Amino acid sequence: MAEQQRIDEATGTRTVGHEWDGIEELDTPMPRWWLWTFYLTIAWAAVYVVLYPAWPMVNSATRGVIGWSSRGQLEQELAADATRRAPVVNAIAASPIAELPARPELMQAAVQGGGAAFRVHCVQCHGSGGAGVQTLYPSLTDDDWLWGGDLDRIDYTITHGIRNPEHPATRTSLMPAFGRDAILDARQIADVVSHVRVISGQEKPSASSARGATLFEANCAVCHGANGEGGRQVGAPKLTDAIWLYGGDRASIAATVANPRNGVMPRWGERLDPVTIKMLAAYVYSLGGGERAPATVAAAQGQGADGQP
Amino acid sequence: MASPEDLTGGPASLYEARKGVYPKKVDGRFRRFKWLVMAVTLAIYYVTPWLRWDRGAYAPDQAVLVDLAHRRFYMFQIEIWPHEFYYVAGLLIMAGIGLFLVTSAVGRAWCGYACPQTVWTDLFQHVDRLIDGDRNAQIRLANGPWTAEKIAKRGLKYAVYLAIAFWTGGAWILYFADAPTLTQDFWTGQAAPVAYGTVAALTATTFVLGGFMREQVCIYMCPWPRIQTAMMDEKSLLVTYKEWRGEPRGSVKKAQAHPGAFGDCIDCNQCVAVCPTGIDIREGPQIGCITCALCIDACDGVMAQVGRPRGLIDYCTLDDAATEKAGGAARPVRQTLLRPRTIVYFSIWCAIGAAMLFSLGQRTRLDLAVQHDRSPLYVQLSDGHIRNSYTLKLRNMETRPRRVEVAMTGLSDAKLWSEDGARENAGQRIQMTLPADSVTRARLFVAAPGAGPARQDFTLMAWGLDGDPRGDSETIQFDRPETGQ
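Residue numbers (full-length UniProt numbering), protein chains in the order written: chain A, 1 to 309; chain B, 1 to 485.
Because the hints were derived from the structure by calculation, they are not lab data.
Keep in mind the model is a prediction, meaning the values are calculated, not measured.
Don't take each hint at face value.
As the list claims (entries may be wrong) - Each pair of labels, with its calculated beta carbon distance range:
| id | chain 1 | residue 1 | chain 2 | residue 2 | range |
| --- | --- | --- | --- | --- | --- |
| 1 | B | Glu324 | A | Ala10 | 17 to 27 Å |
| 2 | A | Pro104 | B | Ile352 | 36 to 46 Å |
| 3 | B | Leu68 | A | Glu19 | 46 to 56 Å |
| 4 | A | Leu26 | B | Ala201 | 28 to 38 Å |
| 5 | B | Gly144 | A | Thr28 | 24 to 34 Å |
| 6 | A | Ile23 | B | Gln286 | 12 to 22 Å |
| 7 | A | Ile23 | B | Ala351 | 34 to 44 Å |
| 8 | A | Glu25 | B | Thr181 | 22 to 32 Å |
| 9 | B | Gly20 | A | Thr28 | 14 to 24 Å |
Stated by the list, open to error - Which chain A residues stay away from chain B? Per the calculated CB distances, all over 12 Å, these:
| id | residue |
| --- | --- |
| 10 | Thr41 |
| 11 | Arg187 |
| 12 | Leu215 |
Unchecked claim - Some chain A residues close to chain B (C-beta under 8 Å, calculated; not the full set):
| id | residue |
| --- | --- |
| 13 | Pro29 |
| 14 | Leu35 |
| 15 | Ala46 |
| 16 | Ala86 |
| 17 | Ser128 |
| 18 | Ala131 |
| 19 | Asp143 |
Using N, Cα and C, we set each Cβ at its ideal position, and we do this for glycine too.
Work out the full structure, taking the sequences as your base and the hints as a guide.
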């Protein structure tokens with residue numbers, strides 16, 4: 001190659017000797033300052049290696065003399081963020097949950113924080129938007145509540161869970177297995193189903209539903225109410241509306257009567273702090289089905305027999 | 001310049017030390033124009049953040065402000081929101097096409113007059129002349145030993161460099177926050193660390209790039225010279241040494257001794273002495289020439305002294321150079337500037353500008369955006385109705401709070417309420433108060449009878465209730481369960 005080097009006439013610069021279809025490359029010298037800049041970057045690299053984690057070792061990298069780590073920085077940033085959020089979190093902790101809606105700035109923060117906690121702890125069953133899973137977990141977005149949909153009751157449900165046998169304060173009730181335990185025979189169950197379908201407006205009254213009405217009064221009304229309006233003290237669903245967790249067709253209702261699910265929810269009071277639960281309640285409340293006037297309702301009904309609000 | 005003999009010797013140096021450039025003071029029409037451009041550009045840069053502009057109680061009163069923290073850009077009566085960033089994109093496109101226009105017409109005029117590197121280098125070179133004296137004194141000082149005088153002069157000069165650099169870096173941050181407040185905070189140690197960091201970085205770059213790197217930036221670091229070279233054609237104005245008139249070079253005495261044997265160039269080297277990038281224009285057009293035209297001023301002065309016509313070095317197109325070489329007359333400058341290419345560039349430039357002005361005048365300052373909640377798409381209500389949820393964003397881009405109404409059309413039996421309202425007393429419209437200059441986010445609920453098509457379009461509209469009824473609307477979908485499920 002070297003023998004092809006020549007001096008370019010126009011610029012007076014030596015070529016490197018490469019030639020591609022008549023195109024040649026000039027060997028323009030680099031400016032001296034560029035060389036110094038390059039040495040400077042090498043020097044900086046040496047400093048960096050000493051200051052920061054750099055050399056990979058068997059178990060971890062060298063730590064660097066200033067002790068910086070990305071994990072440590074993350075911890076710092078999280079701590080700084082916790083400090084930043086502390087005033088709002090403390091205010092939420094200090095105010096009774098029923099009063100949150102009257103303080104929009106707190107309510108908004110609670111809904112945001114609750115949403116974040118919901119996405120960690122609740123979506124596995126209740127779905128990312130709280131819509132639940134048909135035949136498994138109830139929707140939290142509708143206007144129908146098993147155990148009550150005001151802030152206080154949601155908070156209680158989350159704290160104490162549903163049907164936690166070893167926890168006295170838990171929400172609990174037990175629907176008898178009318179079919180499995182042979183309390184009712186198949187025909188009687190079909191009659192009860194007819195009656196339930198009539199009061200929910202899905203069927204016209206028939207002889208079967210008339211028989212079912214009698215059976216309903218004897219077996220079901222104690223929890224579900226004389227007219228099937230449901231009973232929140234025991235988490236008995238309303239049977240006259242359009243919402244059916246386990247399905248509202250004949251076969252589904254019959255299956256539920258014969259072999260009820262008696263769904264379970266963990267008590268989050270032993271895992272999450274009260275502020276997080278308060279924020280979770282606010283989030284669930286905000287999904288569209290939240291019920292108002294908890295104070296007046298509570299005052300009128302008083303505490304439930306088992307001490308549940 | 002290397003000669004063929006170099007090849008026979010040892011290898012040429014891989015690195016080239018910077019050759020000192022000590023441009024001589026010069027006066028002339030282009031120098032005066034450069035003074036003017038320098039005064040105007042520096043004044044714009046340093047003064048703009050201090051201009052005030054009254055926008056009322058809800059917006060800052062700084063005329064030009066890039067409010068990164070609040071995502072707003074203020075320029076006199078124009079306020080730009082992040083979603084209107086296309087105006088900035090439009091400005092950048094105009095700047096690009098403006099560069100095409102200027103380059104195709106007058107070559108590297110940007111480099112020669114308006115580029116910050118050129119303006120600040122020019123400023124620093126004036127400082128050199130003020131403290132060290134003119135070219136010869138500067139060379140003498142640079143080559144001389146480190147006497148007390150040299151140390152004092154260097155110390156003073158670098159202090160002035162540093163002061164200018166600091167002022168430059170300091171002015172930059174004032175575009176990003178309220179200038180008087182930030183200045184006070186800066187000097188009392190209250191400003192954000194990023195402010196000190198930015199000032200330090202820009203002080204350092206100004207000090208180094210303006211004080212020491214100078215023409216090295218243009219020759220080695222900057223991509224524009226390469227791009228601009230590609231945008232020029234044979235009809236673009238170039239600073240040209242008219243070698244057909246100047247060569248062969250000879251002093252006035254030689255020319256008198258041998259009339260007719262020599263050209264107009266008296267080889268006085270003044271064009272090289274005044275060049276801020278240290279090149280010899282007589283070697284022809286080259287990447288190091290920023291077309292600042294100071295060599296034209298220098299040569300014109302010399303030509304006047306020796307009684308020869310001006311313009312031995314002059315702005316000239318490649319076409320005209322060929323014509324003049326062949327003995328013809330150059331075309332008038334007006335013809336050079338007004339040709340299809342420049343007219344097309346100028347038309348595009350104007351069209352974009354006019355379109356942006358038009359759309360600025362037409363834009364509404366109340367904006368509505370709706371997003372349908374997807375999880376869940378719909379909710380079965382206990383009375384058999386279906387509820388859909390929406391996230392509503394209302395942008396009030398005016399600097400006053402506004403009362404607006406949001407209404408729905410297209411779902412006659414539906415009810416609309418917000419998270420603050422209740423279904424029981426819901427209708428088809430709600431009213432909201434929007435804080436000044438902000439985005440209001442609200443959750444909307446719409447409930448309609450369960451019987452109906454699985455998908456139904458309806459329209460949400462928002463308009464002002466306070467005099468300006470202009471508003472915005474968006475058509476969105478209401479979903480029900482698929483029938484048959």
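Practice prompt. Go through the numbered hints given earlier and state which of them the structure violates, listing their numbers in rising order.
Written response: Structure breaks hints 8, 15 and 16.
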